[in-house]
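*Asks:* Listed here are the chains, written in short residue letters.
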Amino acid sequence: MIPPMISTQDLTLRVDGRLLVERLDWRVNAGESWCVIGPNGAGKSTLLRTVAGLRPPDGGTVALAGKPVGDWALPALARERAYLAQSRGDAFAYRVIETVLMARHPYHADRYWEGSDDHAAAEAALRTLDVAHLAERDVRTLSGGERQRVAIAALLAQDTPLLLLDEPANALDLAHQVAVTELMARLCREGRAVVSVGHDLNLAWSGATHALLLNGDGSWHAGATQDVMRPELLSACLGHPIAAIAHGARTVFLPDAPVAITHLAPVRTTQ
Amino acid sequence: MSVLPAASRTRQRVIVLVLTVCALLALAAAGLAGSVPVPVADLPQALASVLSGAPDTMSATLLDLRLGRASAAFATGAALALAGVMMQALVRNPLADPYVLGVSAGAAVGALAALLFGAALWMVDLGALTGAVGISLLLYLLARRDLGGGRGAVRTGESGVLLLTGVVLASACMALVTLMLSVAPESRLRGMVFWMIGDLAGASWRLLPWAVLAAAVLLALRRARALNVMALHADAAVALGIDVAAQRRFLFLCSGLLTACAVTTGGSIGFVGLVVPHACRYAFGPDHRILLPAATLVGGSFLVVADTLARTVLAPQQLPVGVLTSLIGVPVFLFQLHQLHLRRR
Chain H
1 MIPPMISTQD LTLRVDGRLL VERLDWRVNA GESWCVIGPN GAGKSTLLRT VAGLRPPDGG
61 TVALAGKPVG DWALPALARE RAYLAQSRGD AFAYRVIETV LMARHPYHAD RYWEGSDDHA
121 AAEAALRTLD VAHLAERDVR TLSGGERQRV AIAALLAQDT PLLLLDEPAN ALDLAHQVAV
181 TELMARLCRE GRAVVSVGHD LNLAWSGATH ALLLNGDGSW HAGATQDVMR PELLSACLGH
241 PIAAIAHGAR TVFLPDAPVA ITHLAPVRTT Q
Chain C
1001 MSVLPAASRT RQRVIVLVLT VCALLALAAA GLAGSVPVPV ADLPQALASV LSGAPDTMSA
1061 TLLDLRLGRA SAAFATGAAL ALAGVMMQAL VRNPLADPYV LGVSAGAAVG ALAALLFGAA
1121 LWMVDLGALT GAVGISLLLY LLARRDLGGG RGAVRTGESG VLLLTGVVLA SACMALVTLM
1181 LSVAPESRLR GMVFWMIGDL AGASWRLLPW AVLAAAVLLA LRRARALNVM ALHADAAVAL
1241 GIDVAAQRRF LFLCSGLLTA CAVTTGGSIG FVGLVVPHAC RYAFGPDHRI LLPAATLVGG
1301 SFLVVADTLA RTVLAPQQLP VGVLTSLIGV PVFLFQLHQL HLRRR
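Going down the list, the sequences are from chains H and C. Under the working numbering, the first residue of the first sequence is numbered 1, with each subsequent residue one higher. Under the working numbering, the first residue of the second sequence is numbered 1001, with each subsequent residue one higher.
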């Protein structure tokens, strides 16, 4: 039997003593695309960083491909999972192509300079993300959305069976949000596993096969999207009534009722 | 569209070759120039007798003295520039250098304390070494949690914290230096002040700085690709299989040792560690596989030229080389910064 790509057992996450996730038992298999949904500060990024091996769990275990994440050698782990951080600060004037070539680092134990295969992988990734024309640009001069697409291209060039993405749709325009969502769905059909954090329920519904809801108080729901992305569960999770509206063959999620602003301080008007 | 795979390797070789030739020219100029010039025609014969270890003619003696000083200048400049590149990669900020981070101020405290108590010369060197490595270690301990990296990281690393910690430690060290200068007896004050002013007048052939420099360059070149990933990704470099914590320990230790070596040879020579990496990054790009050897060669050549100017411009009067590097460095730095600003807009 093939071990699941990710399996957590009794995984508990805390930040500064605050309980975020309690006793999470979660399995992600190859070919599945998971979206992680929850309010701000519910531990979505913390969960992703824990699974990526960037921080230790606060309780329980995380295993990747059947092996505890802490037991992996770092280079081997880098060939197993790729991780897209939520934000990037570029201090130096690297060219776009250089940043993507660097993602080939885990395969370079035996070489000092990148080979033609690395260039082929990097250029293919740039083309897939529609940023090939930016290859020679200084990364610091890119717009937020362009930089995000270059970062996702680097993730593709890393060529791992498991992709962990923290808000991949950040700063992307609508067309590229849809394109990236479709790209992730395609990668899953090719047998990879994808876990992405996102705030757009409609993108999650169209792209993901499974969903993990984190309520922020330790409780969670995991399962296939049609079982978990139900209005009552989503409403409880996000703290706002959510309506699921059938539109032809599609389902559209909308915040229900006009936005209640009574609990906010009144906007002061000029007298 | 992009460079061919083999091109970057060729590019590195060409750049290193050209810069090596420049460095040799700078050393030759340093040997020939002075209040009593050595004729170019005498150079081959004089060089041969210097290399054989027994300078017999006038030209050979002059060459021996000047090349000794120039070799010390080269090792010092190269060490400072290399330390600058390492520290900038470490804190992911092009404004870092041994002076900004307080490592050379730590060396000054150690050396001046030894001078204050009238210790032997080797004790002064040891004091400088202890001060530089001590400040590196203190920086490391203070900033370790905030630097993040490794698997125990609690949160994303923030390089600004390290930079600020260094600035604060530097000012604390400068306060100690001022304190020692104010309580020092008259007889020792002169030597202490001279130590503070970056000067290569007393420098001669020494093996140790070269050995440290060679080891540091070789070790750093082996890690150049990892440095690239760290400079780009901060603690997310772990996700690409890099042991960030181990690399950071190496960078701290190595840049501390390099700074200590430079400071014991030449005292406080400012701006080399900041301006040279900046200029090299501007000219050759930020890839550390090219940047590390380029900055080492340019830093060495720069200080050789600056030191030659320092002893010839107002000859027989000698200027402290640290004054000259700052006078050259500041306008170059400002010009570059301005150019960069214009281009980015």
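Please note: incorrect hints may appear among the correct ones.
Pulled a few chain H residues facing chain C out of the computed Cβ check, cut under 7 Å [stated by the list, open to error]:
1) LEU54
2) TRP72
3) LEU74
4) ALA78
5) ALA85
6) GLN86
7) ALA91
8) THR99
9) MET102
10) TYR107
11) ALA109
12) TRP113
Using C-beta positions, here's what the derived DEER-type ranges look like [what the hints assert, rightly or not]:
13) H:HIS247 <-> C:LEU1221: 55 to 65 Å
14) C:ALA1119 <-> H:GLY89: 44 to 54 Å
15) C:LEU1253 <-> H:ALA120: 32 to 42 Å
Among chain C residues calculated to face chain H with C-beta under 10 Å, some are [to be verified]:
16) SER1008
17) GLY1053
18) ASN1093
19) VAL1238
Honestly, the hints are just simulated from the structure, not real lab data. Glycine included, each C-beta is placed from N, C-alpha and C at the ideal position.
*Asks:* Check each numbered hint from earlier against the structure, then list the numbers of those it violates in ascending order.
*Replies:* Hints 2, 6, 10, 11 and 17 not satisfied by this model.
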